[in-house]
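Protein sequences appear in the order of chains D and W.
The first sequence maps to residues 6 to 506 in our numbering.
The second sequence maps to residues 28 to 167 in our numbering.
Hints in this document: simulated from the structure, not taken from any laboratory.
Some hints here could point you the wrong way.
[To be verified] Which residues of chain W face chain D? A few of them, derived with a C-beta cut under 7 Å, are:
#	residue
1	Ile-80
2	Val-103
3	Ala-107
4	Leu-114
5	Asn-129
6	Gly-133
7	His-135
[As the list claims (entries may be wrong)] Across the chosen pairs, the derived CB separations fall in these ranges:
#	chain 1	residue 1	chain 2	residue 2	range
8	W	Asp-57	D	Pro-373	35 to 43 Å
9	D	Asp-34	W	Lys-155	35 to 43 Å
10	D	Gly-76	W	Ile-37	45 to 53 Å
11	W	Arg-136	D	Pro-234	27 to 35 Å
12	D	Tyr-170	W	Pro-128	50 to 58 Å
[Unchecked claim] To list a few chain W residues with every Cβ distance to chain D over 10 Å, as calculated:
#	residue
13	Lys-39
14	Tyr-44
15	His-55
16	Gly-62
17	Phe-81
18	Ser-100
19	Gly-110
20	Leu-111
21	Leu-121
22	Phe-160
All residues carry an ideal CB built from backbone N, CA and C; glycine is no exception.
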Amino acid sequence: MSIAAHLPALQVVLPLISAPLAVLLRRRDLAFWMVTAAAWAAFATAIQLWLQVGASGTISYHIGSWPPPWGIEYRVDRLSSFVLLLVSGMAAVMLPYARTSIEREIPEESHYLFYAMFGLCLAGLLGITITGDAFNIFVFLEISSLATYVLIALGRDRRALTAAYQYLIMGSIGATFIVIGIGFLYLTTGTLNLADMAGRLRGVESSRPVLAALAFLTVGISLKLALFPLHQWLPNAYTYAPSPVTAFLAATATKVSVYVLIRFYFSVFGESLVYEHLPLPQIMLGLSLLAMFGASFIAIFQDNLKRLFAYSSVGQIGYISLGLSFDSVHGLTASIVHLFNHGIAKGAIFLLIGGIAVGIATPGAVAPAPTFDRLAGLAKRMPLTCFGIVLGGLSLIGVPGTAGFISKWYLILAALEQGQFWLVGAILLSSLLAVAYVWRFVEVAYFRAPPAGHVARKEAPLAMLIPAWLLIAATIWFGLDTSVTVDTALDAARQLMGKAQ
Amino acid sequence: MKHDLVLRVIGKLLIPYILLFALYVQFHGDFGPGGGFQAGVIFAAGIVFYALIFGLENARQVMPDRLVETMLSSGVLIYAGVGLAGLFLGGNYLDYFVLDPNPVHGQHRGIFWVEAGVAITVCGVMLKIFYMFASRGRSE
Numbered sequence: 006m007s008i009a010a011h012l013p014a015l016q017v018v019l020p021l022i023s024a025p026l027a028v029l030l031r032r033r034d035l036a037f038w039m040v041t042a043a044a045w046a047a048f049a050t051a052i053q054l055w056l057q058v059g060a061s062g063t064i065s066y067h068i069g070s071w072p073p074p075w076g077i078e079y080r081v082d083r084l085s086s087f088v089l090l091l092v093s094g095m096a097a098v099m100l101p102y103a104r105t106s107i108e109r110e111i112p113e114e115s116h117y118l119f120y121a122m123f124g125l126c127l128a129g130l131l132g133i134t135i136t137g138d139a140f141n142i143f144v145f146l147e148i149s150s151l152a153t154y155v156l157i158a159l160g161r162d163r164r165a166l167t168a169a170y171q172y173l174i175m176g177s178i179g180a181t182f183i184v185i186g187i188g189f190l191y192l193t194t195g196t197l198n199l200a201d202m203a204g205r206l207r208g209v210e211s212s213r214p215v216l217a218a219l220a221f222l223t224v225g226i227s228l229k230l231a232l233f234p235l236h237q238w239l240p241n242a243y244t245y246a247p248s249p250v251t252a253f254l255a256a257t258a259t260k261v262s263v264y265v266l267i268r269f270y271f272s273v274f275g276e277s278l279v280y281e282h283l284p285l286p287q288i289m290l291g292l293s294l295l296a297m298f299g300a301s302f303i304a305i306f307q308d309n310l311k312r313l314f315a316y317s318s319v320g321q322i323g324y325i326s327l328g329l330s331f332d333s334v335h336g337l338t339a340s341i342v343h344l345f346n347h348g349i350a351k352g353a354i355f356l357l358i359g360g361i362a363v364g365i366a367t368p369g370a371v372a373p374a375p376t377f378d379r380l381a382g383l384a385k386r387m388p389l390t391c392f393g394i395v396l397g398g399l400s401l402i403g404v405p406g407t408a409g410f411i412s413k414w415y416l417i418l419a420a421l422e423q424g425q426f427w428l429v430g431a432i433l434l435s436s437l438l439a440v441a442y443v444w445r446f447v448e449v450a451y452f453r454a455p456p457a458g459h460v461a462r463k464e465a466p467l468a469m470l471i472p473a474w475l476l477i478a479a480t481i482w483f484g485l486d487t488s489v490t491v492d493t494a495l496d497a498a499r500q501l502m503g504k505a506q
Numbered sequence: 028m029k030h031d032l033v034l035r036v037i038g039k040l041l042i043p044y045i046l047l048f049a050l051y052v053q054f055h056g057d058f059g060p061g062g063g064f065q066a067g068v069i070f071a072a073g074i075v076f077y078a079l080i081f082g083l084e085n086a087r088q089v090m091p092d093r094l095v096e097t098m099l100s101s102g103v104l105i106y107a108g109v110g111l112a113g114l115f116l117g118g119n120y121l122d123y124f125v126l127d128p129n130p131v132h133g134q135h136r137g138i139f140w141v142e143a144g145v146a147i148t149v150c151g152v153m154l155k156i157f158y159m160f161a162s163r164g165r166s167e
């Protein structure tokens, strides 16, 4: 057997196996090494797959040697290899961070369960991305979602339980809608393979079941990706989850949902159905603008730093869906690039906030919530952490030299292509809102005097700073060198729009 | 319900047959309705029945928590292991054809172990859920 031919299967199977092994081993150190090794192996696999797809085109892997459309097919194209890279890379960087971080946030006897759930969540997210089978998407979605609910509920704050429960209800509704949509498609076409389904849908696109499927899938996936009016679960879930969980979810979970939406819109329904016969672009545009302005506006008035950046996430997802609404190669490129860039920047910020929670805690006590009154004058004691958050914030604003600038640049390019100059103004104006909420942190951390009385504060442990700064460095790197992100995204967008060169 | 004579006698009579029926559903799944999931649930139901009549502590001696947790994860490992076995024998992941020189026998062998894995995990999960609910409020 040659390993190279089986990389698509190993991509999912390695993290999947690491989870039950972590439960079997029970010791928290063994569990940690098990899952971390699997995550790094998955990252290496993803890099290898990305290179292979770039060199020789789409890879198709037949599970159980049953050829598609009968068997389950794993299909890696430019877009999925890019998302695999993001998800596995985030897991690989965040697991070493989690080891130090959860010592303060999760009771020691459930550490091995934390790692098992993390492995399952990773396997689920990778599975959603790699599979070319509609029902398989649903199964992996459930695997990752169930693991996510548990991970959120592990938070020390009792409100983590209600947050997880709220997400459970909303997520289950979303998953139900998705499976109903897939059911309609299966009834109409008699196949579950996405590529085969797309072929069979030609000619019956505007029949009622197909439109119903499109509607169910759109709403279901939008719930999962927290599109503006359906984002209610997100702020609580992000605020009360343990910090490595928040960072991992913010960087990957919503992004993978965006991937599923793109996959269904462009690879299954086809852009002609989604964009020409239905008012979806207008709806998408409206909701995106609401997210960009509404959620960013709400973010400005938050007192808890974690919650502030959670609302900022909802706003940033607005930019991603805005790119989708253009129905152009540049618009789609902007979405895909922003999915990647925002994932890295937001992941880094949440990792650093986790560092703050540890830094402002009195030794031995439970880490307090990072509210603004506790953060006054923090930059003097935690210069690295605060500077990192500022750099990440600059990327959220879209300052040139950071990754966020690249995605906004392509968004503006797509808007100009269609002659919608007012949208350029809207994008710039909403960036000002990002300036406002990032400035709130700068003002408190840098310019306010530290509270009187002796408060124990020290820089976060190195094991937490290094992963976070790796991601911050990546944010800067991808803002200067766009050969990886933009080239892949452009290729992927062309492939999806059927305009491959 | 420890002192209910009728229940105790009937339970003692029935439980072996419930467990036996679980095995029947498991191994007859090839030819009739059944399979790993149903078998696992029926087997767990037998243990739950025992726990209801003879008490949680006795049930925990028959099926200790450690064993249940091991079952929970080892079933998944058996399933994934069958997949990896196909990989090592030169096929794709979860390829049963290569598990035996005769591909039809290979399919039989593959599904046998996969169903065994499913049954073990399902039984483990059912018991774990039951134990967790049943012991709520006792330890805290």
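Unmet hints by their number, sorted upward, for this structure:
1, 5, 6, 7, 8, 9, 11, 18, 19, 20, 21
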